[in-house]
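K.L.:
Read off the chains here:
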Amino acid sequence: MTGQLRERCRRLLQDGAVQVVIGYGVSTSDGMPHPIFVRRPDDVDKLIWNEQCMANLTTYLTRDAVKALGKPAIVVKGCDARALVVLEQECQIDRSAMHVIGMACAGVGSPRAPKCASCDVHVPAAADEVIGEAPAQTGPADPPYAELEEFLQKSPAERFAYWREEAARCIRCYACREVCPTCYCPRCIVDKNRPACLDTSATVKANFAWHVTRAFHQAGRCTGCGECTRVCPVGINMRLLNQSLARAADEHFGYRAGTNRETPPIIGAYGLEDKESFIR
Amino acid sequence: MSELIAQEALPGLVAKWLAQGKRVAGPSVVKPGYCLYVELKSSAQLALEGFIRPRNSIKEFVFPHHEAICRYHFSGHTVETEDCDPPQVDQVIVGARPCDAAALPILDHLFTWDYEDKFYTERRKATTVVTLACQAHDDACFCTSLDLGPAAEQGSDVLLLAVPGGYEVRCLTDKGRALFAGETRTVEQTAVVPPGPPVMVAPGTIMAFLQARYDDPMWADLALRCLGCGACAYTCPTCHCFDIVDEGTAAGGCRVKNWDCCQFAMFTQHASGHNPRSGQSQRQRQRIQHKFRIYPEKFGVMLCTGCGNCARNCPVGLGVLSTLKETAGSAPVEVGV
Amino acid sequence: MSEDFEPKIVAFVCNWCTYLAADLAGTNRLEYPPNVRILRLPCTGRVDFNLIIKALEMGADAVVVSGCHPGDCHYTAGNYHARRRWILFRELLETMGIETNRIFFSWISAAESKKWQHMITEITDQIREMGPYTAYHEISEATA
Amino acid sequence: MGRIGVFICWCGENIARAFDMDELTEAVAEIPGVRCAIHYKYMCSEPGQALIREKIRSEKLEAVVVASCSPHMHLKTFRAAAAAAGLNPYLVEMANIREQCSWVHEPYEDETVAKAVSIIRMTVHKVLRNRALEPIRVPLTKRALVVGGGVAGIQASLDLADSGYEVVLVEREPSIGGKMAGLSETFPTLDCSQCILTPRMVEVGQHPNIRLYTYSEVESVEGFVGNFNITIRQKARYVDIEKCTGCLECWNRCPSREAPSEFDYGLTKRKAIYVPFPQAVPARPIIDLNSCAKFLRNECGTCLKVCQANAINFDDQDMLVTEQVGAIVVATGYRMYDIGREQENAKYAGYGEYGYGQYRDVIDSLQFERLLSASGPTGGEVKRPSDGAVPKKVVFIACVGSRDNAKGIPYCSKICCMYTAKHTMLYKHKVHDGQAHVFYMDIRAGGKGYEEFVRRAIEKDGARYHRGRVSKITEENGKLIVRGADTLAGAPVTIEADLVVLAAAMRPATGVLELAQKIKLGYDEFGFLSESHPKLRPVETNTAGVYICGACHAPKDIPEAVAQASAAAGKVQVLFSKGELTREPEVASVNEQTCAACFACVRTCPYLAIDKAEIRDRQGNLRKMTARVNPSLCMGCGTCVAVCPSKSVDLEGFSEEQIYEMVNGLI
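Protein chains in written order, with the numbering used here: chain W, 8 to 287; chain D, 23 to 359; chain U, 27 to 170; chain S, 70 to 736.
Quick caveat, the hints were computed from the structure, so don't treat them as lab data.
Mixed in with the good hints, there may be bad ones.
Said to hold, decoys possible - Below, in silico cross-link-like pairs of lysine to any residue (SDA-like), each with a Cα-Cα straight-line distance of 25 Å or less:
1) D:Lys347 with W:Arg46
2) S:Lys129 with D:Phe96
3) W:Lys161 with D:Gln67
4) D:Lys38 with D:Ala28
5) S:Lys681 with W:Glu269
6) D:Lys347 with W:Ile55
7) S:Lys693 with D:Gln304
8) S:Lys587 with U:Ala137
9) W:Lys161 with D:Tyr56
10) D:Lys53 with W:Pro121
11) S:Lys461 with S:Pro561
12) S:Lys452 with S:His501
13) W:Lys74 with S:Arg687
14) S:Lys589 with S:Gly722
15) S:Lys363 with S:Gly335
16) W:Lys74 with D:Gly301
17) W:Lys199 with D:Asn297
18) S:Lys587 with S:Asn611
19) S:Lys693 with D:Arg299
20) W:Lys282 with U:Ile129
21) S:Lys587 with W:Pro271
22) W:Lys78 with D:Gln304
23) D:Lys63 with W:Glu165
24) W:Lys74 with D:Thr290
25) S:Lys693 with W:Pro271
26) W:Lys78 with S:Ala682
27) S:Lys110 with S:Ser187
28) W:Lys282 with S:Pro675
29) S:Lys681 with W:Arg194
30) W:Lys78 with S:Asp686
31) S:Lys548 with S:Thr447
32) U:Lys140 with S:Asn83
33) W:Lys78 with D:Ser300
Said to hold, decoys possible - With the Cβ distance kept under 7 Å, some of the chain D side facing chain S (calculated, not the full set):
34) Phe96
35) Gly98
36) Thr271
37) Ala272
As the list claims (entries may be wrong) - If you want the ones that stay clear, here's a sample from chain S, every Cβ over 10 Å from chain W, calculated:
38) Glu131
39) Val207
40) Arg269
Glycine included, each C-beta is placed from N, C-alpha and C at the ideal position.
Just chain W, same shape as in the assembly:
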């Protein structure tokens, strides 16, 4: 598939259809694929595609430096492509001003990333073109929120102790915020001090509040690409929090982020008959 990708990108760049290709390339240091920005046709040979292409490149579409490069072609997997829908619904990108190259993906990461076991977007939806065929289905995908269901078996006290432990380790490097395509605010709530909704110190209290804030801002927006959990230097499992809200949105409002452009995002909309059992 790498060959096809390089050919397509060379022609796109030569025809001037796009000014830059945002894809994966091998960097000198550790042989792992990382985001690269190819602007000259003969640099396309730096582009590669393999099962280590973990990064969600759509996060670059909201960066001023990348926008300044002109119309991009972007390489996306299925889980990354869902973020394009969310970004478009939130008026951050003009979907028509980019060329989306979808890669059929059988799963990334060795060992396989946890998100891939329950993946149902092996072929990216809403891509302008797809390279590669849908992988042979090796059996039904796992239920989407298996990891969360299992975590919720614990008692509330155990769960609180678990998150207290995770919060104690957090060093507030905000890698989770920067890799996330839906975290594009010019100045994040955590960078505001009048009032300081969240303390900047990495105390347990402030980290707890930070993870609640980050997670709740993903309600109905997180597309499950799992990058936040992959890049966390101290291994905080944020996927659990995102799954908690994704499941809530799915079960209560039948809404899955980034799957349908027409249905309005659930935060900012409301239902006259939202079912609940806890309001007195």
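Go by the hints and put chains D, U and S onto chain W.
P.N.:
Showing chains D, U and S alone in chain W's frame:
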């Protein structure tokens, strides 16, 4: 001739230090695939094999992530303030890597050159670093390019070198000797230290190169990838920037010294709204320039120990080494890939 | 629980319904325990989750959020938005192990002063029974 | 800013009964930022307000906290007082230590005192973050909408129209007049109802300033005080009232006669094309789909044939019309409680035991009014609906539904005692040898000349009043056996009556809840609309620019309804008297630097007050998009603030900073 302690004696020593009321920190596998330096509650947590080096660094124990430097309390119309003193507790960092220990002398320069930051110096005095020489390295390691190596002694009080069935103990300072007094027995063989990573970049040429290429457009291309998070700075043994902020409620609060990172957009944000380094390329350039030109010009030592944490923790695989290779790499020096 | 424990309850109430219900409870001299601290907001739509977390951080043992019944909102849809957010936010709190039985959501119209009195009395007794929210207060005090 | 003045009110002894005022004031003086803390017996009194003004000047206060009653009571008063002393009114806040502290907690208990101090500290923390604001100036449409064409709606419309303002009067029925048009005479003066109402109706019909929409309903209400955008659904009448000359030939020649007449409450039948009652305004016919052969079986069409003005139009459609108004007066009136068994709302229960709907001679009081009315089905003679005989013995039962928790109506409907006494008098005047019996619980005759009226009914016209309830009514060989009790005589009473009239409870008009939700009005548990304050603002509501009058607010008689209608009109005139409208400045605003332009706020705003805006540099190229609040549309609900991820939008008066500081000061 060299001093030796048995493999299983080390956890025993840790338990003894804990019992003596010392604060002991060391590498520990907190989650599968995540080895971090943490404060050890019990010797069982100590992990000495199965990883190249922890993802974070030992600077946390001499320059904590957040630290109250003064407390204030409102009562009526008056405000009472009281300074906070750094905790007076001895601490032992056991199982540190040489590239971590070597960072401490580098940081000493900063925290003592014009204003003695007693929060740092008090902790530094009360800390004994027991370094464990490296047995292996990975692509991210480049300590040899900075005149260090798998058994570098800079910054360590005691250097342990793995030998079959135990560790050779080289006590380098009085603190180290005091710590290991009577714990070792003399034996014949001395440890054999495997070679470190090949030298990849020559420090001498980097400074001149950076001086010349300050306004080079390469920084912009290079920094396109950088997402502006703090993973590199916060896990780097030598990064030392901090921000001071007041946190409190109506009843009172404390003035806190927090880590800060030059890659954050807010790092140089002026109250006026102007930001001298508004783009990520300026911030990436600043990081490299500060580590390999500005700090050495002032203190004569590179602000880097080649530990590779920045590359391992960078979400997009940047890190200092790859940047140096792509930039200084064009300098006329033998560059092994 | 120790009998001298007096629960601290923070109530975020909407200005048009529940605040008036509390006023009406006053006019009707309907006694209820003084543990609740009422905070007037224009609408339940104005209550964002950070406020609930902030109240817990400040040492509250229980948080009450109450406003107009769906359909009665002075701003037509504030309470609908709030309800949707609460449904999602409560799931997140469950996952994080925060004791959601200490966070109460309710609709109380301006006429339902008795409902306000009964609810506050019941919650105060319930929390006095459950005791202080030590788990959260510990992480709040564990500052630098 | 730290020069705060805290003024603690005794409120007579309402607050002073719970605290040692000196001790409380000392504790408050300790709060950081408080410059001076004093207490006084009546802060809202003139000397109290003078004290505030004087302290503002002498202590150069930068903000004021008045610890007293609820802000809903006197926030305006104290803000005006501060403004008079030159302090910006929006730097004044109130700490509610009466309704929410002294009145509901144990006096002199430590927790109560601590709570009061905590409430005041919270308010001080808030006011420390208040900003000086100026009211927003908004253009005003000097036209009013009146919903409901009963006596209250008519009175309000005429008052407003006579004072030169255009009025849009929307009436749901084919003619205005409401319930009063169907009455015979009215207490306590026994004026003939039509004689005093019809001229008013005609005046409304012909008034140049009143645009009358009959057989129409309010479809939707957008906008806010001064700038309401009303959509009215003009339902299809199938008769073009412009062309129709009112000859009513169609009404005479219409063959179908089986529909029950709504105006006569089902006592008689009416034609398919009909004018509700002779004095109807507009006196134009309307076709009833459910009984017109043309619509049912596509036959007949006589009316079309006979109409010279060809005003009949079978394919008439509902029409939506929009009107711009600055104020709304709701006068939707009442309807009679459904005495029959099934109720439209499970809260209420019917009276199976009185046989209403089962025995033809058990009727309700509005039906009896029709029998008494000269334009009624019996031409004013009292005849039984079953066989038309003149009833010699009539039993009137008061409090049917009212004051009865079991039926879900605990309130008293206020006017039944008076009209029941009136019924006995009118019955006596028409049937000299007839005997009226009244079963009552208590006679409520508190109005001017009311008590004398009831005494006359009893002493002069010989009505026999039994203090007691009726348990059951059964029909035996043409007679209605009314079994009740007379608690004063201490014995059961059984009367063989020819006719029974039930004085049923008053309920709000059907559909008023939907209307209230369209206009965003509050209502109580029975569906009566909520006034802003029973004593201080009885005809205003909590929705700016919306006023209520008549029975839609609570059961009341005609004199009171008319008085309230004029009061509501008066309030609208106050609103329209100023050149433009000033709106509270507590609205939202966007920090366009940090706004991420995700427009979650635009989706959330119920008033569509936030739009997408572009920020361009001098060369005109687009720097970024941002959200921007239109201050004249924003109502200050703050829903956008809670939904904004980066907290770039904030609400003046309830800003993030203020609320965080309030939470800070609470605990």
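K.L.:
The structure should be examined with respect to each hint, and the outcome stated for every one.
P.N.:
Against the structure, the hints come out as follows:
1. Restraint check for Lys347 (chain D) and Arg46 (chain W): the C-alpha separation of about 21 Å stays at or below 25 Å, so the hint holds.
2. For a cut-off of 25 Å, the pair hint linking Lys129 (chain S) to Phe96 (chain D) stands: about 23 Å separates their Cα positions.
3. With a C-alpha separation of about 24 Å, the suggested pair Lys161 (chain W) and Gln67 (chain D) falls inside the 25 Å cut-off, and the hint holds.
4. For the proposed pair Lys38 (chain D) and Ala28 (chain D), the alpha carbon gap of about 15 Å is at most 25 Å, so the pair holds.
5. Taken as a hint, the Lys681 (chain S) and Glu269 (chain W) pair is honoured in the structure, with Cα atoms around 19 Å apart against an allowance of 25 Å.
6. Among the hinted pairs, Lys347 (chain D) with Ile55 (chain W) is consistent with the structure: their alpha-carbon atoms are about 21 Å apart, no more than 25 Å.
7. Note on Lys693 (chain S) and Gln304 (chain D): the hinted pairing holds, with a Cα-Cα distance of about 22 Å set against a maximum of 25 Å.
8. This hinted pair checks out: Lys587 (chain S) and Ala137 (chain U) have alpha carbons roughly 20 Å apart, not beyond 25 Å.
9. Under the criterion of a C-alpha separation no larger than 25 Å, the hint pairing Lys161 (chain W) with Tyr56 (chain D) is consistent with the structure, at around 23 Å.
10. Simply put, Lys53 (chain D) and Pro121 (chain W) have alpha-carbon atoms about 15 Å apart, close enough for the 25 Å limit, and the pair holds.
11. Of the supplied pair hints, the one linking Lys461 (chain S) and Pro561 (chain S) holds, its CA atoms being roughly 22 Å apart against a limit of 25 Å.
12. Annotation: proposed proximity of Lys452 (chain S) to His501 (chain S) holds, straight-line Cα distance about 14 Å (limit 25 Å).
13. About 21 Å separates the Cα atoms of Lys74 (chain W) and Arg687 (chain S), which keeps this hinted pair within 25 Å; it holds.
14. Restraint check for Lys589 (chain S) and Gly722 (chain S): the C-alpha separation of about 22 Å stays at or below 25 Å, so the hint holds.
15. Taken as a hint, the Lys363 (chain S) and Gly335 (chain S) pair is honoured in the structure, with Cα atoms around 23 Å apart against an allowance of 25 Å.
16. For the proposed pair Lys74 (chain W) and Gly301 (chain D), the alpha carbon gap of about 13 Å is at most 25 Å, so the pair holds.
17. Distance restraint check for Lys199 (chain W) and Asn297 (chain D): the Cα-Cα separation of roughly 16 Å lies within the 25 Å cut-off, and the hinted pair is therefore satisfied.
18. Only pairs whose Cα atoms come within 25 Å are accepted, and Lys587 (chain S) paired with Asn611 (chain S) is accepted, the gap being roughly 14 Å.
19. Note on Lys693 (chain S) and Arg299 (chain D): the hinted pairing holds, with a Cα-Cα distance of about 19 Å set against a maximum of 25 Å.
20. The straight-line distance between the Cα atoms of Lys282 (chain W) and Ile129 (chain U) is roughly 18 Å, inside the 25 Å bound, and the hint therefore holds.
21. With a CA separation close to 24 Å, the supplied pair Lys587 (chain S) and Pro271 (chain W) stays within the 25 Å bound.
22. Taking the CA atoms of Lys78 (chain W) and Gln304 (chain D), the gap is about 23 Å. The hint holds against a cut of 25 Å.
23. The straight-line distance between the Cα atoms of Lys63 (chain D) and Glu165 (chain W) is roughly 20 Å, inside the 25 Å bound, and the hint therefore holds.
24. Taken as a hint, the Lys74 (chain W) and Thr290 (chain D) pair is honoured in the structure, with Cα atoms around 23 Å apart against an allowance of 25 Å.
25. Taking the CA atoms of Lys693 (chain S) and Pro271 (chain W), the gap is near 23 Å; set against the 25 Å cutoff, the hint holds.
26. The hinted pair formed by Lys78 (chain W) and Ala682 (chain S) meets the criterion: a straight-line CA distance of about 24 Å does not exceed 25 Å.
27. A hinted pair counts as satisfied when its Cα atoms are at most 25 Å apart, and Lys110 (chain S) with Ser187 (chain S) qualifies at roughly 21 Å.
28. At roughly 21 Å between alpha-carbon atoms, Lys282 (chain W) and Pro675 (chain S) fall within 25 Å of each other, so this suggested pair holds.
29. A distance of roughly 19 Å separates the Cα atoms of Lys681 (chain S) and Arg194 (chain W); the hinted pair therefore holds under the 25 Å criterion.
30. At most 25 Å may separate the alpha-carbon atoms for a hinted pair to count; Lys78 (chain W) and Asp686 (chain S) meet this at roughly 22 Å.
31. Only pairs whose Cα atoms come within 25 Å are accepted, and Lys548 (chain S) paired with Thr447 (chain S) is accepted, the gap being roughly 21 Å.
32. The suggested pairing of Lys140 (chain U) with Asn83 (chain S) holds, with an alpha-carbon distance near 20 Å, which does not exceed 25 Å.
33. Of the supplied pair hints, the one linking Lys78 (chain W) and Ser300 (chain D) holds, its CA atoms being roughly 23 Å apart against a limit of 25 Å.
34. For the restraint placing Phe96 (chain D) at the interface with chain S, the shortest Cβ-Cβ distance is roughly 5 Å, inside the 7 Å limit, so the hint holds.
35. With 7 Å as the threshold, the beta carbon of Gly98 (chain D) comes within range of chain S, its nearest partner Cβ sitting at about 5 Å, so the hint holds.
36. Taking 7 Å as the C-beta cut-off, the interface hint given for Thr271 (chain D) holds, the closest approach to chain S being about 5 Å.
37. The beta carbon of Ala272 (chain D) is positioned within 7 Å of a beta carbon in chain S (closest approach about 4 Å), and the interface hint is therefore held.
38. Every C-beta of chain W lies more than 10 Å from that of Glu131 (chain S), the closest at about 19 Å, which supports listing it as non-interface.
39. The non-interface label for Val207 (chain S) is consistent with chain W: the shortest C-beta to C-beta separation is roughly 27 Å, beyond 10 Å.
40. Look at Arg269 (chain S): its CB is around 41 Å from the nearest CB on chain W, clear of 10 Å, so calling it non-interface holds up.
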